[in-house]
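J.: Here are the chains, one letter per residue:
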Amino acid sequence: MPLGTIWVFAEEAGSTPTPLSLELLRRARELAGDVAAFVAADPGPLAEALGAHGATTVYGTGDLAGKLPGAPVAAAMAAQIEAGPAPDAVFFGQTYQGRDVAARLSVALDQPVVTNNVAVDLDGDVLVVEEPVFGGTRNVRTAFRTDGVNLALFRPKSFEAEPSGGGPARAVVVAVPDVGAAGAATVTERHVEERSGPQLDSAAIVVSGGRGLGQAESYEMIERLAKVLGAAPGASRAIVDAGWVPYAYQVGQTGKVVKPSVYIAAGISGATQHLVGMKGSKNIIAINKDAEAPIFGIADLGIVGDVHKVLPQLIEALEARS
Amino acid sequence: MCVKQIPDPAVPGELDPSTNTLKRDDKLILDESDSYGVEMALQLVEAAGGGDVSLVSMTPRGETSGLRTALAMGASDAILVSDEALAGSDALGTAKVLAAAIGRLGPDLILTGTESSDGYTGTVPEQVAALLGLPSITFAKHIEIDGQTVKVQRQTEAGYDDVECPLPALVSVTAGVVEPRYPSFKGIMAAKKKPVEELTVADLGIDAAAVGQAGARQETVAVTDAEARQAGEVVTDEGDAFQRVVDYLAELKVI
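As you go down the protein sequences, you meet chains A and B in turn.
Numbering of the first sequence is given in the working numbering, commencing with residue 1 and proceeding in unit increments.
Numbering of the second sequence is given in the working numbering, commencing with residue 323 and proceeding in unit increments.
Hints listed in this document are in silico derivations from the structure and should not be mistaken for laboratory results.
Mixed in with the good hints there might be a few duds.
What the hints assert, rightly or not - Computed far set for chain B versus chain A, every beta-carbon distance over 12 Å: (1) Gly371; (2) Arg383; (3) Arg426; (4) Ser458; (5) Lys514; (6) Lys516; (7) Val568.
Unchecked claim - Result set (DSS-like, lysine-lysine): computed pairs, CA atoms no more than 27 Å apart in a straight line: (8) B:Lys515 to A:Lys282; (9) A:Lys289 to A:Lys309; (10) A:Lys309 to B:Lys575.
Claimed, not checked - Chain A is faced by these chain B residues, among others (derived, beta-carbon under 10 Å): (11) Ile351; (12) Ser355; (13) Glu368; (14) Ala413; (15) Thr436; (16) Gln449; (17) Asp484; (18) Lys508; (19) Gln540; (20) Gly561.
Please read these numbers as outputs of a predicted model, since none were measured by experiment.
From the three backbone atoms N, C-alpha and C, an ideal C-beta is built for every residue, glycine too.
Bound conformation, chain B alone (with noise of 0.2 Å):
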């Protein structure tokens, strides 16, 4: 399961202005479309009787918060690439990092959210299965087992689509597909001893220039302020606010 640690989106985000990246000193946590993941992997796990569920990220500076999260919920281990040559990597540095990583697992599923809730860019997961031969299936809303065969239900725009793929393969959730587990005190005291492996991209024999800035191979050049919507008319309701909803349908011609 790949996971992401971001920083606390109930905190505005903030650009650092010598490089225009996305700020990410405080204290980060899983990513909350990562917890549905794991909660995923876990309950395929139980339901496939046995398995075990190992976490993969990366991280230009050593943070391991939001993977004792995802440890306290169930799963057993972790490898972490933390290296400084990470910071600023974009989608597809990323995607070479982490199918390195689990390159070194070999696992039968390969789980992760559609996107983060911090970059938004949505195309690792595909990107991961690419590198690694593997064949995928992306907006997962109910995923099951059946043997060698993953099966699951795809978003679409007019609905969704039964999809299935043998294993091993790489599957993204959408948010929602499942009920995330709140970690015990039990689980998260187990937490603690549960082993993290620390990778350099050079353990992964991968060259830093393919990653990080200077791989991302795009440049933010301008930052600047949306125009700002204003806020209208305000009426409270005192039992026939409806008629001013009403009138305003009627003055822009709209009934």
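In isolation and in its complexed conformation, chain A is listed as follows (with noise of 0.2 Å):
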């Protein structure tokens, strides 16, 4: 049976919707009549790539001038729930403003809030969601026992986004309500990293790094191979940890979640909140020089060797064909 209205808060890249929150769109109106979208952006720009996707109405804090979203933005929601109608469940990314919004709503509704999601049904009108634990062996399916708004925040791609055919949604501006020190976060500057080639959570193929490359300088070969490739360029956790290359090409459990046609990891053990991040992967190739490795016991093909030894002879050969 089911629900009446669920929100999915959605983000923006400039004027267009991520693809996580036309993901939650997609599975939002299959388990509602109706679905809204909440924006911390000014509503009328999406309007129609959000109403394309199934939303009804766009309610939006227009811009926030700069301020942390969290405080505001989740006080705005709490204004327009209280409001009413209220939603049986509001969706949002697993992303760092996502985050902070959902827990920040889950205190003004004091309502729980389930995080790390991949799924979710209808067990009669009770939400489940699933999530993955320990590494990833096992899944937990948990049901919320609450009657007010369900706050639940999914993984990217945990769904496949679809266009709904609709037309462009309402938009309507929301009032941010005066949250007083809550909300004196403010952003001063923002920093964004050059990247060339394909984003990593979308690329087709992905070439990873890790320990096994022994030390920063060695990266370099990932990056070759990605370029050849026409790949992503991604790391595990621990090279990221030694300051080795940004967070952003981080894979795993706390890093991007990925899955690619091609995982390629290179000097990766695979540990298992590395394996979170890609043994969704369609086709993996390790490198690594001990066989025991766990990263072997999910790989397609698995080369046991020196990657100082395989690497470049597999960037010379592919670099000769293309």
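Hints are included, so try docking the two chains, each in its own frame, into the full complex.
T.: What follows is the structure, encoded as structure tokens:
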């Protein structure tokens, strides 16, 4: 039995909704009769794109003038929920902003929030979400046991976006209540790390490096291999923590979850928190000098060898072909 | 500094079959995510020329060894909310308890990790800030205190933002933000004498029904094994294994 209304906290890059937002809209409209979107931005420019994916209304706070969204957006959502009609659930993406807004909203509404989910179903009219635990070896299903608004966060690529053929949504600007000191955090400057080539979380091919590379300079082999394959370079948490590459490159439980056609893991042992981020890849190639490395347990093609020998040969052979 | 004591991540985790909650019966250690926060707190206090780092933690069963690790690093004292009623708490319940304990201390700055290494919910820091009515900056990879303002480099999907807010505030730190110090022998000995105030949920004026399994308002209804991937072909490199990769990529029509 479908729910009445689900809201999706949608995020945008410029005036385009993020892929994750569209994925959430798709799932939401399969579970509820009506779907609305809520954005921390001016709703007008996004009404068409969000409407095309099933939102009938887009609520927006308007530009926040540099304020961190968490407190102000949650307050605006809570006020709109209180004004009614309240949705049955709000879906958020597992993103920096999504986590902050959902957490603040959970306090404002005094409702639990369940995170890291990859699936959601209805059991009667109870929402049941599913998340992977223990490095992705087991899945836990959690049912909400509250009459209030259900708050759930979902990982990217849990669902597949699909346009609904809907027309532009009704755009509604909502006021942001004064939250006092809680809303004082302000962005003073944005730094975009220049990345050429495909985005890590949507690339068809990903080439990742780990501690087995030995030193920061050796990551250059990963960049070269990625370039010749038109792939996105990625990294294990170990080398991100060591400062060899920025956090944006990190694949894993606390980094990005990727599902490319091909994932090449070089010098990565396969700690469970890394596997969670990439075991959904269609084809996995692993290169590691340790035959016992856990990564070989899930690789379709495993090469037991020294990355410093195999990678340069591989790069040379591929560069010669292209 | 909020810290969590968790089961050793090197030991495979288990669920208690009767409640489907994470088993936390064996020795608990300081969550690695929190060692970065403790170190950051100690460095900020050193840079400011004075101040104390207090720890706040909660446990259903009186465990303190992880706290002693943080005290050995240099924290001065701890509040431990120790109460059976806390077993099975969800993030919101946890946040209510931590916020109440922190409220007793009146800190200038509250530091936390971004998420625990056993539960990974990742919302508690922001929920604590909300309950205390404080501004917060999450995912900090660099922190500086300038007078009464905290200035942070905050991780974003595209890179990072410079964010600031007035104190008092809460900041959650990412892994690798600093290199945690190893407790010295002197630190370990001193830690044994540092005060750990133990409080119950009732001491904080919190209704036991609002925390623990009862307060979580969610229920684990199923635990299933995930589909396991099988290992495929494994080749030992004798000097030309790279060719197998090239051929494989060609088979996949990737090149």
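J.: If a hint holds in the structure, say so; if it doesn't, say that too.
T.: Evaluated hints:
{"no.": "1", "hint": "Gly371", "result": "25 Å, holds"}
{"no.": "2", "hint": "Arg383", "result": "22 Å, holds"}
{"no.": "3", "hint": "Arg426", "result": "19 Å, holds"}
{"no.": "4", "hint": "Ser458", "result": "7 Å, violated"}
{"no.": "5", "hint": "Lys514", "result": "31 Å, holds"}
{"no.": "6", "hint": "Lys516", "result": "29 Å, holds"}
{"no.": "7", "hint": "Val568", "result": "5 Å, violated"}
{"no.": "8", "hint": "B:Lys515 to A:Lys282", "result": "55 Å, violated"}
{"no.": "9", "hint": "A:Lys289 to A:Lys309", "result": "10 Å, holds"}
{"no.": "10", "hint": "A:Lys309 to B:Lys575", "result": "25 Å, holds"}
{"no.": "11", "hint": "Ile351", "result": "17 Å, violated"}
{"no.": "12", "hint": "Ser355", "result": "9 Å, holds"}
{"no.": "13", "hint": "Glu368", "result": "22 Å, violated"}
{"no.": "14", "hint": "Ala413", "result": "7 Å, holds"}
{"no.": "15", "hint": "Thr436", "result": "8 Å, holds"}
{"no.": "16", "hint": "Gln449", "result": "5 Å, holds"}
{"no.": "17", "hint": "Asp484", "result": "4 Å, holds"}
{"no.": "18", "hint": "Lys508", "result": "28 Å, violated"}
{"no.": "19", "hint": "Gln540", "result": "5 Å, holds"}
{"no.": "20", "hint": "Gly561", "result": "8 Å, holds"}
In the structure shown, a violation is registered for the earlier hints numbered 4, 7, 8, 11, 13, 18, in ascending order.
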